[in-house]
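**Student:** The primary structure of each chain is shown beneath.
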Amino acid sequence: MSQATLYSVSYDLSNTIASALGSVLPSGARDLITSSGVVTGFAVVIFAVIILAATMLNTILLIWWERKLLGRFMDRRGAMHVGFAGLLQNFADGFKLFRKDTVKPREADPLGFYFGPTAYMITSLAIFGILPISSGWDTGALPLTLLLALAIFAFAPLFIFVSAWSSNNKYSLMGGMRSAAQMIAYEVPLLLAVVSVVIVAGSFDLNTIVYEQQNYWFWGPLILALIVFVAAMLAEMERIPFDLPEAEAELVEGWNTEYGGMFFAFFMFTDYLRALVGSVLVVLLFFGGWTLPSWVPSVATSWPLAGIFWFMVKTYIVFGVFVWIRASLPRVRTDQLLRVGWNRMIPLGLVSVFVAALLVVAKCVWPFGCLPTP
Amino acid sequence: MATEITATEKPNQNPILWVARPMATAARQFAKSLFRPSTIVYPYERLEDPEFREKVAVASGKPIGLGQVWDNYRGVHALNIATCISCNLCQFSCPDLCIEMVTVPGGDPKHPKKCPEIDYGKCSYCGFCSDACPEGCLTMTTRYELSVTKRSDMVYSPQRLNEVFKTKLPMNPIRLARPANEDSILLDVPLCIGCNACARDCPTQCITMLDIPKPEAKAGEKIPKRIWKEPVVNDSDCVRCGTCISVCPKECLFWGTRK
Amino acid sequence: MQPDDLTRVLAPKLGENLLGVEAFEGMAGRVRFRREAALDLFRAVRDDLSFAHLSMVGGIDWVDHREVFYVAWSDSARQYVLLSTDVPATDAHVETASAVWPSANWHERETWELVDITFDHHPDLRHLLTPDGYAFHPLLRSFKIHEPEELEVKTRHV
Amino acid sequence: MGGLTAAQAPPAPSPRNPTVDLQLSNELPMATQAAVPFIEIEALRAKEFIPASKEALTSLIAEQGQAKLIRPMFNWSGRNSLFPLHWGLACCAIEFAAAFGARWDAERFGVVARSSPRQADLMIVNGTVTWKVAHKLITLYEQMAEPKWVIAMGNCATGGGPFRTAYSVVPGVDKLVPVDVYIAGCPPRPEALLDGILKLEQLIRERKE
Amino acid sequence: MSEMWINMGPQHPMTHGLWNLRVRIDGEVVLDVDPEMGYLHRGIEKISEDRHYNEVVTLMDRTCYVAGLAWEHLYILASEQALHITPPERAQYIRMTCEEFQRIGSHIMWYAAFVNDIGLMTPFLYGMRDRDLVLDLFQSFTGARMTYEYMRVGGVRNDLPPTFTDQARKVLDWLTDRFREYDQLCLGSSIFHKRCDHLGVLKANDCIAHGVTGPMLRSAGVKRDLRKDRPYARYDAVDFDVAVADGADVTARYLVRMEEMRQSIRILRQTVDWLEHHPGPVMAEHLPRWLGAPYAPVGREGYLLKRNYAKGVGFSAVEEPHGEAQAYVVNEGTEHPYRVKFRSPIFANLSAARQYLVGYRVADIPPIMGSVDPCIGEVDR
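Chains as they are written, first to last, in the numbering used here: chain A, 1 to 374; chain B, 375 to 633; chain C, 634 to 791; chain D, 792 to 1000; chain E, 1001 to 1381.
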């Protein structure tokens, strides 16, 4: 049997369910249910559910991971009394927010007020439909995965601004404007960093990009691009030191000041969802995705789902670095942030594009090695 | 950096690589707290628990509970009803007016025994009452957990305070010595009518009524109608509660320095 | 700086409006003046005696009259000075010091609302500590705080 | 020694007062015994890495049964993630902050302060409430979304504290908003605040609607 | 965006207390500010008039809740002057020890709140952790963490426990190391300098004109410290330097406060040594009966009508952690002070808010206000 992929797993599952269902049904219905069209459609649904569940679980785990790590950075324990080592803490938070009232301010615009956070979450969730997490565990042959992911990723400021504006609060409005400004400002360096990776890999397909990293991971030669990418990602994820839109010290809770209950949960959840996207992209673009260096003994990778495992480990370590940054740096100011974005990050990104071009021309660079021959 | 500071130890903490220094500090703290953070896992570990202080707080090398002397913590009061003499000093010393003297069983009907009832919703835990208590029967313990769901549960009756006393919590060991030059109760002799009120109500029974000679009636002078007794205060037994002054109908007792 | 030094400088400026300079422990002295000469005194104290730093303005209600006192600090003499003036309770007003020392602004607002002493020509005489429109002046002696039942607890019933 | 000096050692028992035992008791303080048995499930989580959630859930399901799972579920989530409103009124705010500090770390219980009243479900009134701030407090309370709770922390919030005779102080925040848990203390220790929060969790646990 | 007013407070993460800063902004630029105080006005001066001299001490802890012992010291000094009482020397040293520890505790609290304002979350927890050590120390001899009720007219309530000196030295050693860590987290970060340099500048002239004192004044280069200029207690007997910086900005205030903590450690090492070797009484002898007791059992109206005490006026000024605090106590020969008036340093520092906030950005308000270190309890009283 060939290696299990996400699609094959869901297809098998769908097939099993269909035949089990069909065995107890009369023959006409059995034929309908076990027909290839129904099974395939059912497989697609299962496929989506798996992705959704895995994403949500991972995001919640990511919040737990941040809380525990942050606790240790701060010489305390973090959530620990709900569930094993506090693992159920975020489920409790989620349930509670789900049950809690959402108060809509009287003057708020209802359409934007409810549409903003919902669209913010849905668009961010959609990214996971196209991100590969191991070989075969993806939606299949989309040639422009990276571009599509970044395009969907860039929707967010719009929805943030819509929800901030609709909640009719001065703090929300200021937070929304800051958010829009900084996301737009950092979109350019983000794309420049990505472009340098794309130049080296020669493809927008994330699978190909990972494949191209089999000899060396890109973070070594493209360290400049990595720095630009991480900085821009921090700004896009709105994390310290670039968490100006929800700067607690001056804007009460930033653009989600007026949100409570489920919509606040959407915001909180989506923030971490985007953090997960960021970490995943860093791993995919610069740290070889689910692959391990060739000197690692094959026993580490030969068992099933090893690719997913190592991919998750890398993702969580990358996110741990984000937490480390959060624990040790203060917040910058809006004008400084924008100045850094336009004056430093864009030139650095251009330089990294140049470096990437040199890398392609040189093919082999000491001490990293050569690019794989196509 | 434009700012200069006159300092003995110049803070030579200029940035290295923009942000490397704080990140290194945070990482160092991370490594330190990986095994045992400074957090006290509160309902299970308690600072006032001496065993915890010795085994974890001091031994772990963490700054938990350094410099603790818990016996003198000012928490809930403990009242020993048996030794309370109903002198009201705690009530009068209370700056927050949270102590009320209520009758407890045990006194004689003429002379009911009164013990403090404390409203912890008003008490500011200043310790004046336990400092004032001449018998040491009202002390403060290390108990501090006082969350209730009904406001009226915060009022501790004398019996409830007595229960706290029976639990033998560590109690405040500091007892203040009485001042050397305490004032005494003096008598404004011409005003006294010998009514015995002060001796009757004295919580320590340190006032005795002594007979005084009835003066001879002189011509043109009326002998005042009174009982021919006069209070004499035993200063060594007196706790200076001032009950006698307050019950005196003629305001003839007052504070002063005995010659 | 001694009280005599203060008198030497202030007497020519204020004339009979200077009621006297007394010694005060821990201070350069206590200057009593008539309120008519307030502004002259402030200027003299700040410019001639170099008390450039006004620390405190306060009022005391002596029932029959009210007293306004100012505490100022001199960096050169390293001393405080206390200035005080009496104003009648029925007509309690005095010239503001905030033209001379800007720091008097809030102190005078506070004194105005708590002790009911009006400061003439004050730039911004609004309520500071009490809510807007608060009609009482709590630090007057006639303003009682205890409710009767609260005092009841304290009275002796043996 | 003349004047007032403090005797550090316990004084010799006076003839009138022979029973006062000022020695340090070797037993655990009474408060410990009083507070621990309130929920057995919590007791299982004494150490961070003891798996207690399984037993907790099993016993929950066993006790309540499938049909009654939802209400306990919501109560469980409600009591385990209390977000207090982040504001400081007076002295107790400092102890409130200390409870969130490294030593007591209220986040262990899922208590995370939120600055916006919309996202908070617990208002900890940590200090003296004056009449000037009273209507803002009520506004904040009304801005909080249901379900919401109020803890009156310290004596000023409970009954005005030392300032209740003053002209500007509300004698107890229960005159303004309904209070669920009162914590006495002036200010209460951070442990006492956590104890009050645990008390509130117990209240929510027993809540039936 | 056109101009608009926003209210920062009374419930706002920036305020560190209960006050309202009304800000007129244009985009992100601050055009005007108007602090609105009084949300915590508890009438302490009025309540004091109805209290016994020693009972006012309980209010002093709550007046400034981060520097309770300094305020107790302030009030006690003024009362002693008004009542003509001199405390014994050991009591004065104990008070100095208290005040310096309180300065460290207050400054650590400032540090924790201030770094939180610029978005640094971690040092807040470090600060609270280390401050708890100081509070533990206070608890070991006063019996409370924050509201001590320790000082009395004529001395202090009780002597220090025998273990105090060892524990105090341990705490001082620990804190010395931690202060280095604090500097690494703030000064070692270039983002901190980007945020705080040349921010909230208030030059020396403006400081003096608006009555600004304390670290804000010293950060503007004015070397004024009441402990040196007008020594109270026994500050003339200890050796220390006044921390002065010349930046007049937020960084300078940071540096001044950190240096003050180091100087406090220096003072504390001297006073702790002194206390170890000089036992003695901690309460003045021959106090009047109603004051001599550390409690006030008979101080009610009506019981002391036949006594007359000497009248007097007391004034004291103390270099509190936030600046120069002053007290003015009028003794009219009764058991209650006739009038108590306090001067809070932050009251004056906040009144100059317009001088150091206008022209900066909205994001700069929290760090600037954090560097002022507002403690609203003592402003509103």
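By construction, these hints were calculated from the structure, which means they are not laboratory data. Computed from a predicted structure; not experimentally measured. Check before you lean on any hint, since a few could be wrong.
List of simulated lysine-lysine pairs, BS3-like, C-alpha gap at most 30 Å [claimed, not checked]:
hint, chain 1, residue 1, chain 2, residue 2
1, A, Lys68, D, Lys939
2, B, Lys484, B, Lys603
3, D, Lys939, B, Lys540
4, E, Lys1170, E, Lys1228
5, D, Lys939, A, Lys363
6, D, Lys990, A, Lys170
7, B, Lys542, D, Lys990
8, B, Lys524, D, Lys939
9, B, Lys429, D, Lys927
10, D, Lys966, A, Lys363
11, B, Lys592, B, Lys603
12, E, Lys1223, E, Lys1194
13, D, Lys990, B, Lys524
14, B, Lys524, B, Lys540
15, D, Lys966, A, Lys104
16, D, Lys927, B, Lys524
17, B, Lys406, E, Lys1170
18, B, Lys633, E, Lys1194
19, B, Lys487, B, Lys603
20, C, Lys646, B, Lys624
21, A, Lys170, E, Lys1194
22, B, Lys599, B, Lys588
23, B, Lys624, B, Lys487
24, B, Lys524, D, Lys966
25, D, Lys939, A, Lys104
26, D, Lys990, D, Lys966
27, B, Lys487, B, Lys429
28, C, Lys777, D, Lys927
29, D, Lys966, C, Lys777
Residues from chain A shown here face chain B by an in silico Cβ test under 7 Å; the list is partial [unchecked claim]:
hint, residue
30, Phe73
31, Arg76
32, Pro105
33, Arg106
34, Asp109
35, Ser328
36, Leu329
37, Lys363
Cβ atoms here follow ideal geometry from the backbone N, Cα and C, with glycine treated the same way.
**Student:** Output the numbers, in ascending order, of every earlier hint that fails for this structure.
**Tutor:** 3, 5, 6, 9, 10, 18, 20, 27, 32, 33, 34 and 37
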